[in-house]
Amino acid sequence: MAEKKLTFEENLTQLEAIVNELETGDVPLEKAMTAFQKGVKLSQTLEETLSKAEKTMAKVMADNGEEVPLDAETQA
Amino acid sequence: MAEKKLTFEENLTQLEAIVNELETGDVPLEKAMTAFQKGVKLSQTLEETLSKAEKTMAKVMADNGEEVPLDAETQA
Amino acid sequence: MAEKKLTFEENLTQLEAIVNELETGDVPLEKAMTAFQKGVKLSQTLEETLSKAEKTMAKVMADNGEEVPLDAETQA
Amino acid sequence: MAEKKLTFEENLTQLEAIVNELETGDVPLEKAMTAFQKGVKLSQTLEETLSKAEKTMAKVMADNGEEVPLDAETQA
Amino acid sequence: MAEKKLTFEENLTQLEAIVNELETGDVPLEKAMTAFQKGVKLSQTLEETLSKAEKTMAKVMADNGEEVPLDAETQA
Amino acid sequence: MAEKKLTFEENLTQLEAIVNELETGDVPLEKAMTAFQKGVKLSQTLEETLSKAEKTMAKVMADNGEEVPLDAETQA
Amino acid sequence: MVKPADYLTVTALTQYLKAKFERDPYLDRVYLTGEISNFRLRPNAHQYFSLKDRQAKISAIMFKSAFEKIKFTPEEGMKVLVVGRISLYEATGNYQVYIERMEPDGLGALYQAYEQLKAKLSTEGLFDTSKQQLVRFPKRIAVITSPSGAVIRDIITTTQRRYPIAQLILFPAAVQGDGAADMLVDRLKQVNQQGDFDTIIIGRGGGSIEDLWPFNEERVARAIVASQIPIISSVGHETDTTIADLVADVRAATPTAAAELATPVLTDEVLKLQQQRLRLYQAFSRTLALNKKQLSHLENSYVLKQPQRLYDGYLQNVDQLKRRLVLAQQQRLQVSRQNGQLLQQRLQAQSPTSTLQQAQKAVNETKHRLNRAVEALVRDRRLRASQAMGALDLVSPLKVLGRGFAYVTGDDEHVLRQTADFTIDQPIKLHVHDGLINAHVTAIHKGDE
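Residue numbers (UniProt numbering), protein chains in the order written: chain A, 1 to 76; chain B, 1 to 76; chain C, 1 to 76; chain D, 1 to 76; chain E, 1 to 76; chain F, 1 to 76; chain G, 1 to 449.
It should be emphasised that the hints constitute simulated quantities derived from the structure, not laboratory data. All values derive from a computational prediction rather than experimental measurement. Among the hints, a few may not be true.
Unchecked claim - Facing chain A, according to a computed beta carbon distance under 8 angstroms, are these residues of chain G, among others:
| no. | residue |
| --- | --- |
| 1 | D128 |
| 2 | L134 |
| 3 | P147 |
| 4 | R162 |
| 5 | F171 |
| 6 | P172 |
| 7 | Q176 |
| 8 | L273 |
| 9 | R279 |
| 10 | L280 |
| 11 | A283 |
| 12 | F284 |
| 13 | A289 |
| 14 | L290 |
| 15 | Y311 |
| 16 | L315 |
C-beta atoms are modelled at their ideal positions from N, C-alpha and C, and glycine is treated no differently.
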């Protein structure tokens with residue numbers, strides 16, 4: 001689907017829009033249903049994205065263009 | 001039938017119109033009977049839609065896992 | 001006959017008119033007889049319509065399933 | 001005969017006229033005879049009309065079934 | 001003759017006139033005889049009329065049959 | 001003759017006049033004879049007339065039926 | 001002798017002296033250099049202090065409005081360059097310098113350059129160019145700063161604490177001295193060329209205006225503006241405002257603040273997502289509940305629950321009408337029957353039977369009278385006739401004949417009384433009491449003869 005091409009922020013924005021829309025209470029039932037399902041899926045996807053991402057170590061851009069780990073002292 | 005294409009709210013509005021009309025008491029008998037039948041049909045359709053929505057929600061929550069559905073039902 | 005196309009209310013109005021006319025006592029006997037017979041026929045038609053309505057309703061409620069008919073019968 | 005086309009009330013009026021005339025006492029014998037004969041005939045006609053009407057009503061009520069005729073007779 | 005066109009009462013009146021005249025005794029014999037004969041004739045006519053009327057009455061009552069005449073006679 | 005046109009009473013009166021004349025005794029025989037003869041003739045006429053009348057009466061009464069003629073003869 | 005009236009008042013003299021100060025064109029704008037003395041910061045107020053050098057001292061006042069504009073914090077002994085005017089304060093009789101502008105002495109040239117560049121860039125509208133939005137969830141953050149020092153350390157620490165999944169890449173750069181500006185520009189270009197960064201943090205720690213100067217260079221400013229990647233700048237302390245800070249998309253007061261601006265808190269975000277899911281449930285539950293309530297309100301209407309009430313009234317109406325119909329018709333028939341019976345009774349009362357009987361009686365009587373009248377009449381006539389006939393008989397001339405007399409008549413029945421009435425051979429008739437005799441006259445004898 002088109003959703004996969006959206007960025008995390010765009011998805012988050014969509015999710016927020018959906019939440020806000022649903023919270024106004026003015027959404028027709030079927031539409032609310034679809035929005036609800038979509039919203040839950042989005043929030044799950046986004047949460048997974050965040051929680052599955054790996055922690056990183058800071059790096060330094062070497063003169064040769066490579067990114068190399070910073071020395072431990074700097075990071076501590 | 002065409003009814004299936006109507007939204008929950010449209011059906012609800014129709015049902016409301018029927019109930020209001022019938023409650024005024026001015027409806028000719030034959031018309032009232034037809035209206036009554038339609039009203040009952042509409043309320044069935046509406047209940048089906050709602051119960052489908054509730055099942056969907058329950059399923060989504062079940063898939064999702066946690067305590068949330070309980071909360072939601074308590075508020076419902 | 002043309003009577004079948006009349007609505008319940010039209011028949012009722014006709015019956016009322018006949019009764020009112022007969023009650024004035026000014027109607028010639030033969031005419032009164034004709035009117036009386038027509039009145040009886042009308043009242044039969046009306047009763048049939050009502051009982052048909054009742055049956056229809058009972059059926060609609062029965063079709064509707066459980067709780068509503070019980071409720072209805074208890075209250076009837 | 002032409003009499004058959006007259007209404008009950010017309011016959012009744014005729015009979016009344018005859019009776020009134022006879023009651024003045026001034027009617028010549030032959031005329032009185034004729035009038036009386038006509039009167040008798042008229043009262044037969046009236047009687048027939050009435051009894052036909054009563055039979056019709058009784059039949060209608062019998063067809064119609066219930067307590068209504070009894071009621072009516074009690075009240076009559 | 002002209003007599004036939006006269007009513008019972010007219011005939012009776014004529015007869016009475018004849019009788020009255022005869023009873024004065026002043027009537028010449030021949031005239032008295034003529035008058036007498038006329039009187040006799042008149043009385044025959046009257047009796048015929050009466051007997052015809054009685055027969056008619058009998059017939060009317062016979063035709064009228066059972067209940068009405070009975071009613072009527074009882075009440076008369 | 002002129003006599004025939006006379007009524008019974010005129011004849012009777014003539015007869016009586018003749019009788020009266022004769023009774024005076026002054027009437028010459030011849031005249032008396034004539035008068036007498038006339039008287040006889042008159043009395044014949046009268047007798048005829050009377051008896052004709054009586055016969056007529058008797059016949060009428062006989063035709064008519066009843067007791068009257070007997071009465072009349074007894075009285076005659 | 002000078003009269004007392006000729007003595008000047010203090011006020012008059014002071015006013016005169018003040019006027020002298022005011023009118024002097026040199027004292028109206030004075031450029032003065034000296035050390036700050038007797039300075040004690042009065043927050044949010046006018047400042048009173050002195051300027052001195054080795055030989056002299058002058059009172060100084062700087063009004064609040066002017067003092068707020070200066071970019072540094074004055075310190076005791078600090079050498080400063082000031083611009084102001086000289087005037088006299090009448091109440092104390094002191095003359096003083098009213099300072100309009102003040103800057104530290106010795107940095108004046110840089111400061112001038114800074115002001116000039118700022119004015120130029122401002123005219124160009126560079127400060128007003130729309131700032132780029134920071135990426136809320138950066139994957140890669142480029143940090144352009146010195147590899148040594150607290151800046152990079154603070155940024156790393158803060159980022160790892162908040163958002164450890166972001167990749168920090170340090171682009172080491174000299175941040176002071178000659179060549180620093182060029183390096184900063186190169187690094188900015190490099191990061192942009194590489195293109196796979198979400199955010200750039202550029203900055204250094206605090207220092208003198210000279211130390212911070214590379215960040216006031218036009219090249220650096222333009223490189224920052226030209227960056228396609230949003231830039232957070234954090235240069236010096238909070239009180240130092242460099243051109244870089246002005247043109248960056250966001251300015252952070254400290255490196256820690258810069259890292260905080262650059263990254264969200266991961267746990268918060270996860271929590272937020274969960275909360276949003278909860279809100280979704282709640283909102284949808286409410287929608288369902290609301291719809292359910294609306295539906296059940298409608299379904300509870302008596303017209304659906306007890307639809308027979310829709311025609312209850314009709315049932316009664318029809319029933320009543322039926323009763324009225326029958327009753328009306330019965331009454332109608334009853335009235336008709338009564339009317340008919342009444343007339344019948346009246347008719348029967350008028351039955352001609354009695355009339356007939358009366359007529360019969362009348363006829364009989366009349367007939368009887370007729371008979372009697374006729375009989376009487378005839379009887380009467382007979383009586384009279386009999387009497388007359390009896391009387392006639394008594395007077396009959398024929399009675400004489402009975403005694404033996406006869407009378408004679410001729411053929412013509414005429415009575416022949418005397419001889420003269422007779423002729424011989426004349427046929428005559430002899431009338432005797434019991435008959436008639438025919439004879440002839442044979443002789444005639446007259447009586448006297």
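Hint validity - G/L315 Cβ closer than 8 angstroms to any chain A Cβ: 39 angstroms, violated
So, G/L134 near chain A? Judge it on the closest CB pair being under 8 angstroms. Violated. Min distance 11 angstroms.
So, G/A283 near chain A? Judge it on the closest CB pair being under 8 angstroms. Interface hint status for G/A283: holds (4 angstroms vs cutoff 8 angstroms).
With 8 angstroms as the cut and Cβ atoms as the points, is G/F171 at the interface with chain A? Hint holds; G/F171 Cβ to chain A Cβ min 5 angstroms, cut 8 angstroms.
Is the hint on G/D128 kept, meaning its closest Cβ partner in chain A is under 8 angstroms away? 26 angstroms, violated
May I ask you to test the interface hint for G/R162 with respect to chain A, counting a Cβ-Cβ separation under 8 angstroms as satisfied? 12 angstroms, violated
Agreement of hint G/L290 with chain A interface, Cβ distance less than 8 angstroms: With a closest approach of 7 angstroms, the G/L290 hint holds.
Residue hint G/L280, partner chain A, criterion CB-CB below 8 angstroms: 4 angstroms, holds
Mind checking the CB of G/Y311 against every CB in chain A and telling me if the closest is under 8 angstroms? 34 angstroms, violated
With chain A as the partner, please determine if G/Q176 meets the hint condition of a C-beta pair closer than 8 angstroms. This hint is violated: G/Q176 lies away from chain A, its Cβ roughly 19 angstroms from the closest one there, beyond 8 angstroms.
Let me know if the C-beta of G/L273 comes in closer than 8 angstroms to any C-beta of chain A, holds or violated. 5 angstroms, holds
Using Cβ atoms only, decide whether G/P147 comes closer than 8 angstroms to chain A, and label the hint accordingly. 7 angstroms, holds
The structure does not agree with the numbered hints 1, 2, 4, 7, 13, 15, 16 stated previously, though it agrees with the rest.
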